[in-house]
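*Asks:* Sequence:
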Amino acid sequence: MLYQYMNQKQRELYDQVKNASEGLSLSGKQIGDAEAQAIAEALKVNKTLHKLNLDRNQIGAAGAQAIVQVNTAVTKLMLNQNRIGGAGAHAIAEALKVNTTLTWLDLWVNQIGDAGAWAIAEALKVNTTLTWLGLHANQVGEAGAGAIAEALKVNTTLTSLGLNKNQIGDVGAGAIAEALKVNKTLIRLGLHANQVGEAGAGAIAEALKGNTTLTSLGLEFNQIGDAGACAIAAALKVNKTLTALFLNSNQIGDAGAQAIADALKVNTTMTGLYLERNQIGGAGSQAFAEALRVNKTLIKLRLEFNQIGDAGACAIAEALKVNKTVMLLDLTSNCIGNLGSQAIDEARKGNCGCEVDLRDQINPLAFSLLPRLATAESLHNVFHLLTSGLALEDQPTSLPALPNEIAELIMDEAHYWQGVQQTKRSEFDDEFPAYLILKVTLPQCVNGNSIRIKAIQVLRDTRNRSDSIDGSGFDLIVRDEQAAVRFEFSAKPTFVDSSLDLVTILPANHPVIRQMRAGWQVQVRASKSSRDVVLESLYVGYV
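Per the working numbering, residue 1 is the first one in the sequence shown, and the count goes up by one each step.
Just so you know, these hints were derived from the structure itself, not from any lab. Beta carbons: idealized from backbone N, C-alpha and C, even for Gly. One or more hints might be untrue.
Below are the PhoX-like pairs computed for lysine-lysine, each with C-alpha atoms no more than 20 angstroms apart in a straight line [what the hints assert, rightly or not]:
#1 K349 to K321
#2 K300 to K240
#3 K209 to K125
#4 K240 to K265
#5 K300 to K321
#6 K18 to K29
#7 K44 to K9
#8 K184 to K153
#9 K76 to K51
#10 K125 to K47
#11 K209 to K240
#12 K265 to K300
#13 K237 to K296
#14 K265 to K324
#15 K47 to K18
#16 K29 to K51
#17 K165 to K209
#18 K97 to K153
#19 K76 to K18
#20 K492 to K528
#21 K76 to K97
#22 K44 to K125
#23 K165 to K184
#24 K165 to K125
#25 K321 to K265
Pair ranges (Cβ atoms, derived) [said to hold, decoys possible]:
#26 A484 to K47: 55 to 65 angstroms
#27 A34 to P511: 56 to 66 angstroms
#28 R293 to S216: 21 to 31 angstroms
Using the sequences and the hints, build the whole thing.
*Replies:* Written out as structure tokens, the structure reads:
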């Protein structure tokens, strides 16, 4: 593309790039393929530009190809949130096979898919300069992860790999784990939000037992649970290189926390441990307190948005009196009352180097009010127990066998149903994106039958609330499977205690509930005092 044939915008971009030195950001400039080609022309003559940011534009395959083919000076290239796709990723990959200058490449949110990931993986097998690769949110599945894993077995230069917000699952995580057993250069690995469960975590844990280079591992927003946490804990007892571990939002309870805490008693390298947004309570927090008494390397421990109460806080406080290495302990949004807070404050007086965050504590009663979700199997077992007259263990008598209709009535009155639930611990304002709205979508029934809604429950914990509850209440929206609003209504709390408001809505109160079916969605509007809300939970029970 000759300069005289460029339009005004292309010429402006050409001049900017041609005259730039060191770094240039053109993020969000509505640059498409035609403009990218003008940038490519400028790159042919500029030998001093080393960092180029082209995030948040509309660059497609042709534009990406034009830029990477001519680049001989830029070492850090950012193309996040463009329209590169699989074809563009293939063009970039071909350039990477011969490029000897690029060390940093970011391609977040570009829909490259498994095909694009495979192409880049092939390039990684021969590229000898790239050290940083970001492929977050690119619809990469287990096949793409497998291809990248094979490349990691032979690549000797990549030190940072980001695969966050993809769909690699347990199979993809297992493939990456196999690569970690032989790779000797990767230092940072991000697998945030990848549908990794217990099996994937177990595979990664096995790899960590022998890996001697990885220092940072991100597994946040997966579903590894207690079993996965226990597997990783076993690896931490022998691993000598990992310094930062991100396990936040992983459905880890006390059992997983206890295993990790036990590992910290012997681990001598971990400096940052992130366990926020799990379900760690008293037993888990007391286990961490015991670990802090002997661990001498941990600097940062994040336990915010768990279920730690006064007993756990008091135990941690006692540990802080002897631990002199922890610099940051985050206990935000737990269930710590005055007793626990006072104990922590006393401990801090003798440990001035440790910063402890105790903001926004939740009413301990809140978690006891959340309904217990029943599974189809547990429902069947309880119903069978009520109707069969089974003998009680170690008891001389047996339960009387009840008629089916009586058993159903008992389970109904006990609110023992299946359900869907979402609980939020932050971001309660309507200004936040739609995906952060408190909402649940009704599932399909496993046996194909239609579901019947039995109750809707909303719980809210509000700090600094006025004693008057005249302004309190819940505004709900019911949408059908096409997202059309079918009903909007307000509901006053049916239970109030200190900072808590709870409403239970039954079909008799709002007949629209009887119309709801699979695919319909219930949403809760933000509270008028959303900045003071510390917890909200929405539950829909059904049979």
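*Asks:* Against each hint, give a clear statement of whether it holds in the structure.
*Replies:* Hints, verified against the model:
About 9 angstroms separates the Cα atoms of K349 and K321, which keeps this hinted pair within 20 angstroms; it holds. About 18 angstroms separates the Cα atoms of K300 and K240, which keeps this hinted pair within 20 angstroms; it holds. Of the pairs offered as hints, the one joining K209 and K125 is violated, with about 25 angstroms between alpha carbons and a cut-off of 20 angstroms exceeded. For the suggested pair K240 and K265, the alpha carbons sit about 14 angstroms apart, so the restraint of at most 20 angstroms is met.
A C-alpha spacing of about 16 angstroms is found between K300 and K321, which places the hinted pair at or below 20 angstroms, so the restraint holds. A C-alpha spacing of about 17 angstroms is found between K18 and K29, which places the hinted pair at or below 20 angstroms, so the restraint holds. Simply put, K44 and K9 have alpha-carbon atoms about 19 angstroms apart, close enough for the 20 angstroms limit, and the pair holds. Straight-line distance between C-alpha atoms of K184 and K153 comes to about 9 angstroms, which keeps the hinted pair within the 20 angstroms bound.
In summary, the hint linking K76 to K51 is supported, as the alpha carbons are separated by about 5 angstroms, within the 20 angstroms threshold. Restraint check for K125 and K47: not satisfied, since their Cα atoms lie roughly 27 angstroms apart, outside the 20 angstroms limit. Proposed proximity of K209 and K240 is supported: the alpha carbons are some 9 angstroms apart, at most 20 angstroms. For the proposed pair K265 and K300, the alpha carbon gap of about 15 angstroms is at most 20 angstroms, so the pair holds.
A hinted pair counts as satisfied when its Cα atoms are at most 20 angstroms apart, and K237 with K296 qualifies at roughly 14 angstroms. For the hint pairing K265 with K324, the CA-to-CA distance comes to about 15 angstroms; that is within 20 angstroms, so the pair holds. Distance restraint check for K47 and K18: the Cα-Cα separation of roughly 9 angstroms lies within the 20 angstroms cut-off, and the hinted pair is therefore satisfied. Restraint check for K29 and K51: the C-alpha separation of about 17 angstroms stays at or below 20 angstroms, so the hint holds.
Between K165 and K209 the CA atoms are separated by roughly 26 angstroms; this puts the pair beyond 20 angstroms, and the hint is violated. The straight-line distance between the Cα atoms of K97 and K153 is roughly 17 angstroms, inside the 20 angstroms bound, and the hint therefore holds. In summary, the hint linking K76 to K18 is supported, as the alpha carbons are separated by about 17 angstroms, within the 20 angstroms threshold. Restraint check for K492 and K528: satisfied, since their Cα atoms lie roughly 14 angstroms apart, inside the 20 angstroms limit.
For a cut-off of 20 angstroms, the pair hint linking K76 to K97 stands: about 16 angstroms separates their Cα positions. Restraint check for K44 and K125: not satisfied, since their Cα atoms lie roughly 27 angstroms apart, outside the 20 angstroms limit. Restraint check: the Cα-Cα separation between K165 and K184 comes to about 25 angstroms, which exceeds 20 angstroms; the hinted pair is violated. A threshold of 20 angstroms between alpha carbons decides the hint, and for K165 with K125 the separation of about 24 angstroms lies outside it, so the pair is violated.
For the given pair, K321 sits about 17 angstroms from K265 by alpha-carbon distance, which is consistent with the 20 angstroms threshold. In this structure the hint that A484 and K47 lie 55 to 65 angstroms apart at CB holds, the actual value being about 58 angstroms. Separation of A34 from P511 is about 58 angstroms and conforms to the stated range, judged on CB atoms against 56 to 66 angstroms. R293 and S216 have their C-beta atoms about 26 angstroms apart, which keeps the hinted 21 to 31 angstroms range intact.
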